[in-house]
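Chemist: The two chains are supplied separately, each in an independent frame; assemble them into the complex guided by the hints.
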Amino acid sequence: MIEVLFFIAAAVALISAAMTVTAHNAVHGLLYLVVTMLAISLIFFLLGSPFAAALQVIVYAGAIMVLFIFVTMMLHQGEKSLLEEKQLFQISGSIGAFLLSAVLLVELVYVLAGFASPQLINGSEGYFTIQTITVKELGIQLYGPYQLLVVIAAMMLLSALISAIHIARRQKNPMQADEEGDQTL
Amino acid sequence: MSLHYLPAIVLIITVLLSLTSLSLKRHHGIAYLICGGGLLLTMLSLFMQIGKTGTTSELFVFDAITPFLSLILLIVVSMIWVQLYQWLEALDERKEEYYLLLLLATLGSLIMVASNHFTSFFLGLELMSLSFVGLVAYSGREFKGQEAGVKYLILSAVASALMLMGMAILYLQYGTLSFNDLSMQGASGTLPSWVTVTGIIFILGGMFFKLSLVPCHLWVADLFEGAPLATSALLATLSKLAAFVVLWRIFSLGEWHTHAVIVDIVAAVAIASMLVGNFLGLLQNNLLRLLAYSSIAHFGYLLIILLLAASPTTAFLTSTFSTEAVVFYLVAYLFTLVGVFSVLMQMPQIKTQQDLTGLFWHKPTLAITLALLMLSLAGIPLTIGFMGKFYLVMTAVNHQMWWLLSALVIGSVIGLFYYLRVIMMMIKAPDGESDFSGLTMTTNGQLLNYLIIFLVIGFGTFPAAFSQLIETLSRG
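Those protein sequence lines, which keep their order, are chains D and F. Position 118, counted from 1, in the first sequence is what numbering that gives the first Met the number 0 calls 117; the numbers after and before it change by one each time, with no gaps. Position 42, counted from 1, in the second sequence is what numbering that gives the first Met the number 0 calls 41; the numbers after and before it change by one each time, with no gaps.
It is worth saying that the hints were derived from the structure and are not from the lab. None of the values given here were measured: they were computed from a predicted structure. We treat Cβ as the ideally placed atom computed from N, Cα and C, and that holds for glycine. You can trust all of the hints, since none of them are fake.
Label-pair restraints from in silico Cβ distances:
(1) D:G61 - F:N443: 50 to 58 Å
(2) F:M47 - D:V3: 55 to 63 Å
(3) D:A53 - F:L282: 56 to 64 Å
(4) D:Y142 - F:M47: 23 to 31 Å
(5) D:T133 - F:K24: 42 to 50 Å
(6) D:Q140 - F:H27: 41 to 49 Å
(7) D:Y142 - F:T19: 22 to 30 Å
(8) D:L54 - F:I8: 27 to 35 Å
(9) D:I164 - F:H27: 17 to 25 Å
(10) D:L160 - F:I426: 42 to 50 Å
(11) D:K79 - F:V408: 58 to 66 Å
Incomplete in silico selection of chain D near chain F, CB under 7 Å:
(12) I161
(13) H165
(14) I166
A partial selection of chain F residues facing chain D, derived with a Cβ cut-off under 7 Å:
(15) E57
(16) L58
(17) E96
(18) L103
(19) T118
(20) L122
(21) E125
(22) L129
(23) S130
(24) V132
(25) A136
Excised from the complex, chain F in its bound form (with noise of 0.2 Å):
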């Protein structure tokens, strides 16, 4: 075992752990400890391993990007985690269960985003799968949260169900699972090329129900409403991270932009993506319903970059350069979503627009943070979301992919009208008839507001650090 394997099994000593000291003793602090420790050791041995040579074994690649997006999704976690304490004790319901399933949905994502075998990734899925199934239903006497769960584990079975299919028949073409094998062109060489294609077919499916695309998106707005909100935010942030980081994984390791019917699916998809998701966020009143199309339209940006091997590299461009783009647009879309969900955690009786008449005036640093995660999302200059954007659209025009760009350029402009509502909805005179009096700031939530306002609009102002890590990760 080497040091590789390090961060997975500190996790697993700290579920184990957690799970010890629950049978002992029920006690929410104790529970809130063990994990915070855990996370933070898991952080500190993925810290070691960036920038330090990586290895490969028939199961999991660990290459110089691994550790780097791992400790993304850990940092992610942990912010997350800092303003759980407060939110479940307002929660009717048993408290230290939710800290092991969190456990287990960050230990499922990272064996996805290190996976290198069909079947690492599959358990990785499931492992997660299983656990938000958990984490959606966590919301006491609320019926909402039930229908949710059960909403979960049906479409979550289901798109099980297809990639298994999938890897199936890519299996029968191939003879072996492992992610490395997939370039070899038929290597059985008795099956015609539709079938590899109707077996990439099936695993994209089940990949866009995970991501929540557009013919496969219509759980995710009820989901995000009826689950509890810390669940919304790990499931818009961890669980889609890690299923894109391994679709990106296995399109490029399997060439699968020589199939032009793939080609034109994913493109497809993408412009449905950010054409739908922003017309259905355009009007939406609910806030989180509004973030759920939002998703929805931003991982139809990113689906761009699934494209880009498909043209030749040109002499502007190093052949890292869409990596670059992939990590720092996922880096910078995660660091704003997490700090919009844990704005929202911060005032728990604000669901609709209306509810935020006024804010600004009320408590002035919410609102300011609110307001410039907003213009992140929606892509203005001095937010670290223009800087994601401009990646992509550099990318892309490196490329010449004007289709897509085009649906890009319409699906922002539309965006930015629901964005600017929430913002206009905040600097608004209040009308008297809201009331912000139960709101109280906690220590861990003004630091959390400073932090979330220092990286969105550091790195927006400042990203060529940042950037620069990014590339010499890519290229070692």
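Bound conformation, chain D alone (with noise of 0.2 Å):
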């Protein structure tokens, strides 16, 4: 039963994956983006990994997502985009991701109420349970054998943080440079 779910949360994530490098509009693609998230996560809880998923759904399609939707919408492109927005919220826009997000709610509910016990899989060799990885186990990893690797990703992070700062601090364009000009004059 495990493996058709998997399936159709793999097919999920195929789709909204390809709906959202074909979206005409950025706020759709997004959209379609958060549901490829959803989908992964839901594959990580039913592959045994509960807080991975957590981790997906909080970091991903939460803060990542909602910081994607901010700049998009900030960036303002002309008049166009403006008639475009008010086309933004019509329903016909995004009855596709809420389809295919209201198929990966069906699958949730239909394994916490107990129809499938996702512990179960059948593979090659007949079935076999799958291990549900803790975050105690997980912490003990981090704090263990892979304790540098904390330390290489945090000066990873500080190397990322360093090269975005400075890059995006750069005003000294010469085009830039006459506009602010101007608006002082």
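Modeler: Following this line, the structure appears as structure tokens:
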């Protein structure tokens, strides 16, 4: 049973990823991207990693997506985008994303209601159980054999931060300097 | 924590110190000195490890070769650092962040060179690539630099995605991410061998991006031209060396040469890189683009080494000979290339070959240094580049790889044309149009030129001492 659920969730992830790439409107594309993240999170959950699933929802579908949508909506692209924004919240544009996430919701309810035991998988050598990875085991790994990776990841984030700040704060383009000069005059 | 982690710890402390001093007070000189002191201490701590017994942990491997390669990397970075002060002073941009990003990129490459696990390799790679994005886009008002930064960001993300996919497939097959377990043939036993081959192809694809080998070489010329000079130098040396060392380690540990498809792919890529790289360089007028194309060809030559393990070792050669060849070739190429870039950094206004016309009659030291380096890149005897190529050809002959060898010879002959053209330009009689009055020679630059001449000619004429050192290291 769990394999069927997995294939449905994987299909939802693939379809919504394809819709993300082909979407004409950036906000619609992001909406489908959220669905992709949710589908991947459900896959994590089905395969016995509830912590990764929760992180996927909180970090990707939650925080990062909200930032994306904020930035996309704040970038004004002229009169044309205003016209487009009027049509943005019509139900026809987002019905696909709603349907796909409804499929995911049904699956989740189905598992949580106990119709399918998430521990049992039909492998090529008969049924076997999935070991659920707890937060404690993850923490022991991160503070045990992989502790140096945490340090390296910290340095990586630092370098990304410095690069991003350095590129973003540059406002000395000759063109932009002219515009600023005009505004002060 | 053993002594082996000391270099990385010193580098991290330098980064944090530099960051703290930056947030208190911006001062270019202080940042320059902190960076230099950190590099020096790191080199010292690496120097202490050479010849010591190595250890292997889950994430990192410290055998005899690793500290030596790391030391070479640090020497290359320091040679660039020497000229960084003057070069950054001329740049209309905040200066201090460059040192931070430089140190972080160095840290990333050290992690990659010592990595023994896919996670440490990947995090090191990302640390290096993310720092390089900042370094590439570090060009003040120039539009080209920003374009190059975006190109590098997107392409390195694509390469990382390919590699992650490959790692995931290999994990599916082996159930572990450690390089040591790669040689177990199909631990899970349920997947056919083409799955492994697919995973390997994904990883190779990402690596070919990083090494700018032929199907994935299109970005490298734009990047070398658009990025600031010091960054191009780092990109050509630091990033490529680290990527190649990791590729070489995975290739030999995983015994990938047992898959016939993989051998064919690598051989085809090697031959294509040699020929395409040299042909693109043939009529190239821009010096930086010329260097980019020549680096494509040089890493094509180096790919031959990956395939050497495929043939049985002959009685004439020891089993460590291919290790020696790799290390010697890498060192020779790195020193030559960093020399070329440091000469170019001493004359920032020179961009094309026409600009070089008559340089010899105005600045003989610079011109002679550049000429020697060009000869070394072409592989003319009495330079270190010749010795590197000699090692390579010797190993290839012994393994009877005639196709690759003939491509190497043809590529070298084509390459000779454009390397010699640069020298021809420099010794032409000055036409009065080119103006070298803006070139000011600094003591730093002069000393560095003499050091480069010493390294290139000294090791080229008397390679014995150096090759013996490498031999003892690779045996140890």
